[in-house]
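If you read the protein sequences in the order shown, they are chains P and B.
Each residue of the first sequence is one higher than the one before, starting from 1 at the first, in our numbering.
Each residue of the second sequence is one higher than the one before, starting from 1 at the first, in our numbering.
Just so you know, these hints were derived from the structure itself, not from any lab.
All values derive from a computational prediction rather than experimental measurement.
Glycine is no exception: its CB is placed at the ideal position from the N, C-alpha and C atoms.
Incorrect hints may appear among the rest.
Here are a few chain P residues that face chain B, going by a calculated C-beta distance under 10 Å [claimed, not checked]:
no., residue
1, Leu3
2, Gly126
3, Leu130
4, Gly419
5, Leu422
Now the stretches of chain P that chain B is said to cover, found in silico as 3 or more residues with beta-carbon under 8 Å [what the hints assert, rightly or not]:
no., segment
6, 60–72
7, 110–124
8, 134–140
Chain residues, written in single-letter form:
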Amino acid sequence: MFLDDTIAAISTPVGEGGIGIVRMSGKDSLSIIEKVFKSYKGKNVKDMKSYTMMYGFIIDPNTDEKIDEVIISYMKAPNTYTREDIVEINCHGGVVAVKRILSLVLKNGARLAEPGEFTKRAFLNGRIDLSQAEAVIDLIRAKTSESMHIALEQSQGKLSQRIKDIMNRLLGILAHIEASVDFPEDDIENVVSSKIINDSNEIIKELEHLIKNAETGKILREGLNTSIVGKPNVGKSSLLNALLEEKRAIVTDIPGTTRDVIEEYINIRGIPVKIIDTAGIRETQDIVEKIGVEKSKEYIEKSDLIIFMIDSSRPLDDEDLEIIELIKNKKVIVVINKIDLPMELNLDIIKSNFNEENIVFASINTEKGVEDIKQKIEDFVFSGEVKSKDIFVTNVRHKDILFKAKESILKGIETIELGLPLDIASVEYKDAYLKLGEITGDTAAEDIIDRIFSDFCIGK
Amino acid sequence: MYFAGSYDVIVVGAGHAGCEAALAAARMGCKTLCITLNLDSIAMMACNPSIGGTAKGHLVREVDALGGQMGIAIDNTYLQSKMLNTAKGPAVQSLRAQADKKRYQEYMKHVLETQKNLTLKQDEVIELDVKDNKIVGLKTKNGAYFECKTVVITSGTYLKSRIIIGDVSYNGGPNGLFPANELSDSLKALGISLRRFKTGTPARINRRSIDFSKMTIQPGDERVIPFSFMSDNIERVQIPCYLTYTTEETHKIIKENIHRSPLFTGDIEGVGPRYCPSIEDKIVKFPDKERHQIFVEPEGENTEEMYIQGMSSSMPEDVQIKFYRSIPGLENAEIMRTAYAIEYDCIDPQQLKLSLELKFIEGLFFAGQINGTSGYEEAAAQGIIAGINAALKVKNKEPLILDRSDAYIGVLIDDLVTKGTNEPYRMMTSRAEYRLLLRQDNADLRLTEKGYRVGLVTEERYQRYLKRKQAIEEEIQRIKKVILPPSEEVNEFLRKNNSSEIKSGIHLYDLIKRPELTYELTKAIDKERPDIPYDVAREVENQIKYDGYIQKQLQQVEQFKKIEQKRIPDFIDYNQIQGLRIEAQQKLSKIRPQNIGQASRISGVSPADISVLLIYLEQLRRKKGE
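One chain only, chain P, in its complex shape (with noise of 0.2 Å):
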């Protein structure tokens, strides 16, 4: 926990508008910028003036890739909104922009914000006014319990599955390390260097694929929670081919329930999208008796977004009502499928029941209307009315800890190589494990005593 060390995080809805805004805030904010940002005219940031602009590049100090043309404004404290130094990058508002310009501060030194710490300062240092007080708690609480939320999907995640086994990995080199140095009398099997470094680099491997993977946005349990619904033969099915085409990037199944549901992932205009497949059970009349109506509603709860199907050819019955009774507060597009064939559909119930720019007309067999749902998906994230921020923050944030747990085992293996003691390339390996455990929810100490003890015969 800190107090006061430089956060950063991105202040505006991911994709909305036409620029994107990541902001710093503590006494390195400026140290930081000028890591990575080169002014058009050559000037050093050091000499910006409070409440000023720079204009200039983004570029990422160990590749010298140029990243975003963007605009910086530095604010100096104590005049400004957490009386802390405040830089904020104005760039261009991608979803790609964004993000690599918030790793890129996080990799040079800023920590990311936890869910309403800017406002937390700002009320700390003195600049919001008591009688915000509560406010500023309930933001915190809104923030964090909307950030539980996705954390707790994660935790139940494959990602989250695979971190742990690294992080097992990493507790038996510690708990070997530490077992031989605080029981240096015990009949414990001496630590050898060169298995320590060879498990090193199995963990630096695996972890390099995740870093990877969250680059590619492939991380499994991060993407936006999707589901299509609708009564059978609505074409269902096909929609879900036709928005896979050949980007389907993975397929899992949900254990225990394979035969039922499947998730897919897919890669909509570089937006991750999970959809929730309930067409894995089209063989049967019922959805809602299949699956239970309870279980419906467990997927649709779960959905940061529902694509419902209609069959326009096909008068509302009480099934497609049934739906719409269980979807209409939730972020639905209606898809009006077979447009093609005879008209049969009474509009007017669907139009009083969902906005009518979330209404798409298509013909799936047709292609028609796909790229509108895509679009429509699309503007649902980058109208920030899904939680889209959240989504792309997570993976950032899941990338600058999987990032440093990688660089803490670099120089654990370093301390080795060079001969140092054991105990130093053990703070190294107890840092990467505590940066893991931040995904997690594991802590060290304890897991380490548990371990040593598990592990190996102690005592006297």
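Got chain P sorted already, so can you dock chain B onto it with the hints?
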């Protein structure tokens, strides 16, 4: 019942915690009484005949740096000394010395007896007298009533203790001493929640019945480094220990009789420590391990009793005789004292403040095994802090609280008070976040100033500390200025030590940082090197060699301290704080942390709860200001 006198501080118990507590309070000028069940068991080592070991050695050094007695006592009465982990890095090196148990006790008893302001008394405390949530006195079995301002309970493993040897069990304290059966009830009546822990000790065997030719001799170090910063040369002829192993036969005997072990029959309800398992535990838990090592250690110079480390047990006596005799060298072993398990009452340490004062009874302090710890050193560490804080309380001064970046003592107390413990707590270096800073070699640099400020460190010790500190600083400054030329002599030296040669001048400071070189080695090319004491040289080397890592931890500590210094007022009602989750409200109400850092370490309190708490405190502060 008669009125027996009035004291500033009364220490109940005279084990390792009690001795330090009583000495600290008396030395700080308080009129102090120390009551113990038996004056012959002052500073008794009920289990292993050694002081120190990993992390524990650090604790002894810290107690010493604060002005405690344990380090000086063991330096005066050791039989053998070893620095452990010399090859594993500066932070985890720890001293461990074999003690002459009886001489240690005698030494400590005499220090207590001759201490100004301190009265010793043999009696059993049976009841505490508390008025308006404040301790005012206590009653003893002999019918005395003592009035007092503060009490430190250091009752060790004696409360309602029960000895278990197989199917034999009886009420009794360690080592054949009486238990204290009444104090527990008095504590319970005061609303203090108790729990039951268990520990054990191996058999003692007559040296004359042991065949040492079947064992490996374990000598002490050639250069003996004292525990105490006050000790100089303490060389002596050292007495060896011996190493042997269990055999297939040992394991067979234990397995065949495992049904007779009370651990498996359910006769023991107390929770035992994982790091100190009985031999039967080890064999059941690690069935693949073919043998376990056994150290045979002397208990003293004037006794033939030998301590069999690694063989604690609660098996029946007849089984014990069989399996001890299955070990090479112990075939004819004559068991003088049988191994036993002991169960005892202790308190839940989460009821204490960081000062070791009970949260809800003013002036009542607890230290040592009663708090759920294990080990002489852990006890002494708490004892000195409880003694200091009882004395400070008498003087109406703020308590001395060491935090996790100050000392292992800080880690120990914070762990106990904030996280609690489910087994007898033993200190381990892995528990310390800032291990590279909390070295045993710099305990005086970390703590002596603090000990001096509270009035426990003597002028003599303080001057010694200043002198050492200055010598270290001067030598580091001197080395920083030494630049070595790329001469043939220097490069010849580097070649000889498998270090890469230099082409231009280099700072001696940077050469010492090279892993293959040491301060000692570079003497050959450092013409102006002054003659400095060994301990100063070690400290200089550690500070130079690990400078980068030390700096990194210092930065972490800086952040840590900021959070630790955010104090939480005593009167906070957590149930009134909107936005705290219920679990957080409950945990915070129970622990009542003294600062934000402590609050953040409570399990079940999330970072968001801490944010809410911070905002609430700021709200409070501003309202007060308005």
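Okay, the hints, checked on the actual structure:
The beta carbon of Leu3 (chain P) is positioned within 10 Å of a beta carbon in chain B (closest approach about 5 Å), and the interface hint is therefore held. Given hint, Gly126 (chain P) at the interface with chain B, holds; its Cβ is 8 Å from that chain's nearest Cβ, closer than 10 Å. Here the hint on Leu130 (chain P) is kept, as its CB sits about 5 Å from the closest CB of chain B, short of 10 Å. For Gly419 (chain P), the interface hint holds, the least distance from its beta-carbon to any beta-carbon of chain B being 4 Å, beneath 10 Å.
Of the supplied interface hints, the one on Leu422 (chain P) holds, with its beta-carbon coming within about 5 Å of a beta-carbon of chain B, less than 10 Å. Only residues whose beta carbon comes within less than 8 Å of a beta carbon in chain B count, and the segment 60–72 of chain P has 0; fewer than three means the coverage is violated. Only residues whose beta carbon comes within less than 8 Å of a beta carbon in chain B count, and the segment 110–124 of chain P has 7; three or more means the coverage holds. A stretch counts as covered by a chain when three or more of its residues have a beta carbon under 8 Å from one of that chain; for the segment 134–140 of chain P and chain B the count is 5, and the coverage holds.
The structure fails hint 6 only (numbered hints given earlier).
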